[in-house]
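> Listed below, chain by chain, are the residues.
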Amino acid sequence: MTATSRHAEYVLRIVLILTGLFLVLSGCLPLYHALAASPDDQIQVRMNAAQIAPRQLEEVVGRAIVQQYSRAWKNLETALDQNNTEVLGESFVGYAHDKLTAQVVAQKKAGLSMRYVDHGHQVDGILYSRDGSAVELRDTAQLEIQYLDGSKVVATENTPLHYVAVITLVDDRWKVRVLDSVPSF
Amino acid sequence: MNRLFLYLLMIVMCVFAAGVARAADIKLPDHAVAGQDVTIGTSGDGSATLYIFGPGQAIKRSISLGHEISLKGQELRNAGVYTLIVTGDNTVTRQLNVQAAAPAKINFLARPSRVPVARPNVITGTAFVFDEFQNLVLAPTPVKFDLSVKDGGTTSRTVPSKFGVAYIDLGSSSKEGAAQFVASAGQANVRRVIQQVAADPCSLRMSLHREKEWLIAETAPVRDCSGNPVPDGTIVTFIEQSSNGGRSTVDARIKKGIARAQLPVQPNATVTVAAGVVLGNEVRVGGGE
Chain Z
12 MTATSRHAEY VLRIVLILTG LFLVLSGCLP LYHALAASPD DQIQVRMNAA QIAPRQLEEV
72 VGRAIVQQYS RAWKNLETAL DQNNTEVLGE SFVGYAHDKL TAQVVAQKKA GLSMRYVDHG
132 HQVDGILYSR DGSAVELRDT AQLEIQYLDG SKVVATENTP LHYVAVITLV DDRWKVRVLD
192 SVPSF
Chain L
22 MNRLFLYLLM IVMCVFAAGV ARAADIKLPD HAVAGQDVTI GTSGDGSATL YIFGPGQAIK
82 RSISLGHEIS LKGQELRNAG VYTLIVTGDN TVTRQLNVQA AAPAKINFLA RPSRVPVARP
142 NVITGTAFVF DEFQNLVLAP TPVKFDLSVK DGGTTSRTVP SKFGVAYIDL GSSSKEGAAQ
202 FVASAGQANV RRVIQQVAAD PCSLRMSLHR EKEWLIAETA PVRDCSGNPV PDGTIVTFIE
262 QSSNGGRSTV DARIKKGIAR AQLPVQPNAT VTVAAGVVLG NEVRVGGGE
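Chains Z and L, in that order, are what the protein sequence lines are. Positions in the first sequence are counted from 1; adding 11 to them yields our numbering. Positions in the second sequence are counted from 1; adding 21 to them yields our numbering.
The following block holds chain Z by itself, in its conformation from the complex (with noise of 0.2 Å):
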C-alpha cells in the first residue's frame, strides 16, 4: 500500500468518525433537552373523570386531555405575558382562541401584561360526548396573578380561580375552543 493511499483511507477514516460522531450528538442533544425539561415548564393538571357522561373517558383519551390542557394553559400565560399570540393557535380554536387574541391585543395597545405563577389545576370532567369529540371539563386553577402596567406591577392576585372548559379535536389534537371564568360553581 503506498503513501498516498494509506493517508486517503486515514483521511476516509476520520470523516466517517467525525460523521458518526455528528449523527449520534444531534439525536442526544433533543433527548437531553427533552429529559431535562424542569417541572417549572410543566403545568400540574390533576384529572377526576369520575362523573363525566354521557361516555366513559378512556384512560389513553384522559391522558392525552391532561397533557394538552397543560399545555394550553402554559401557552395561555405566555401569550398574556408577553403579549404574544402566536403561542395561542397550537392550543387554542374558535371562541377561545379569538377572545385570548382580543385580550393580548388590548393589553399591546394599553400597555399592560399579566404574569401568572401557576400552581396546578384540578380538573373534573363533566362531558364526553357519545362520539368522542367534544369534553367539558370544570377547572379549579391556584393562581398567582401579577397585573403589570409596563414593568410596574399595579396589583396582584392571589386566589382560587374557577374555569367552563369545552375541548374539542382538532387535526388529532385536543384544543380548546370555550374557556369561561365563573365565580365559583
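Bear in mind the hints are in silico, worked out from the structure with no lab data behind them. Each hint can be trusted.
In silico lysine-lysine, BS3-like type, Cα no more than 30 Å apart, as pairs: (1) Lys93(L) / Lys119(Z); (2) Lys120(Z) / Lys85(Z); (3) Lys126(L) / Lys165(L); (4) Lys119(Z) / Lys163(Z); (5) Lys48(L) / Lys119(Z); (6) Lys85(Z) / Lys163(Z); (7) Lys81(L) / Lys48(L); (8) Lys93(L) / Lys48(L); (9) Lys196(L) / Lys165(L); (10) Lys163(Z) / Lys81(L); (11) Lys171(L) / Lys196(L); (12) Lys277(L) / Lys196(L); (13) Lys85(Z) / Lys81(L); (14) Lys196(L) / Lys276(L); (15) Lys163(Z) / Lys120(Z); (16) Lys85(Z) / Lys119(Z); (17) Lys163(Z) / Lys93(L); (18) Lys48(L) / Lys163(Z); (19) Lys120(Z) / Lys81(L); (20) Lys277(L) / Lys233(L); (21) Lys85(Z) / Lys183(L); (22) Lys48(L) / Lys120(Z); (23) Lys165(L) / Lys183(L); (24) Lys171(L) / Lys126(L); (25) Lys93(L) / Lys126(L); (26) Lys276(L) / Lys171(L); (27) Lys81(L) / Lys119(Z); (28) Lys93(L) / Lys81(L); (29) Lys183(L) / Lys126(L); (30) Lys171(L) / Lys277(L); (31) Lys120(Z) / Lys93(L); (32) Lys276(L) / Lys233(L).
For the chain L half of the interface with chain Z, some residues (derived, Cβ under 8 Å), not all of them: (33) Ala79; (34) Asn99; (35) Thr108; (36) Phe184.
Given the structure is predicted, the values throughout are model-derived calculations rather than measurements. Cβ coordinates follow ideal geometry from the N, Cα and C atoms, glycine included.
Fit chain L to the supplied structure of chain Z, relying on the hints for placement.
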C-alpha cells in the same frame, strides 16, 4: 397633661378618618350581563387610574374619584370574571362577574349521519348553548330536541342544559327517509339531517320457474321488518344444491326491490336464498327417478 394627650389623640384620629374618607373605593353593580352597559361608583378624592383585566379585554383609563364610571356594553361583551383595579393614593381591587346574555346560538353535534330504522338509542345529539357574543350560557336552559321523518311522526324531548350543554340519545323511527333533527333553545334553533335507511331484510321469500333450459329464482319485494324496501344494490345469494353433489351459487343485487338469478336445471335440487344473516325459504325442484 392628660387633657393635652387626649386632644392630640383626637387630632390624630380625625386626620386618620379624613384619610380613610379620601381613600379610593369601587362600588360594583350586583350583577352584570354581557353586552349591557354598566355603571361603577367610586369614592374618594383626586385622580386615579382604572385598570380592567378580563376575558378578551384590557383597559387603562384615567378617572376622577368620587364620580361614576360608565362601561359600554361592547367593552363587557365577553362573559366571565373581570378584575378592576383603581390606583391612586391606595390600590383597590375588585372582581366583577359578567354573565352570559340570553341564548342566541346553538352548536349542535348530531351523530351519526346514517342509521338503520327502528333501532333504540342509536342517534345522539349534543347541543352547546351560546349567547350572541359567543359566551357559553351557563345558567340551566331548557333545550328541546325534535326528531321527525315524513309519515313517521315526531319524537320530542326537552333536556335542561348543565354548564351550557345538553345531550340526548334517541332511537330511529320505523320509517326510512331523511329525518330532521332539530335542537332549539330560546330563539335559537339548528337543524341536522339523519338519513334513516332500511334495516336488514326480513321474511325473505323466493319463487322458482323454468325458462327454457334455465331455472329462474326470483324474490318477492325485499323489505325490512318495518316494511321499508331494502335499498337496491343489496346482495342476495341463491344457492342450488343437487343430490349428486353439484352446487351453484349466484349473488344477485336487488333491482327495483327484487333480486333475480338464473340457475342451471339440475335433477332433484334444493334452492335456498339468503341476504346478510337472514335466511329465506327453501324450494325443492326436479324429481328423482
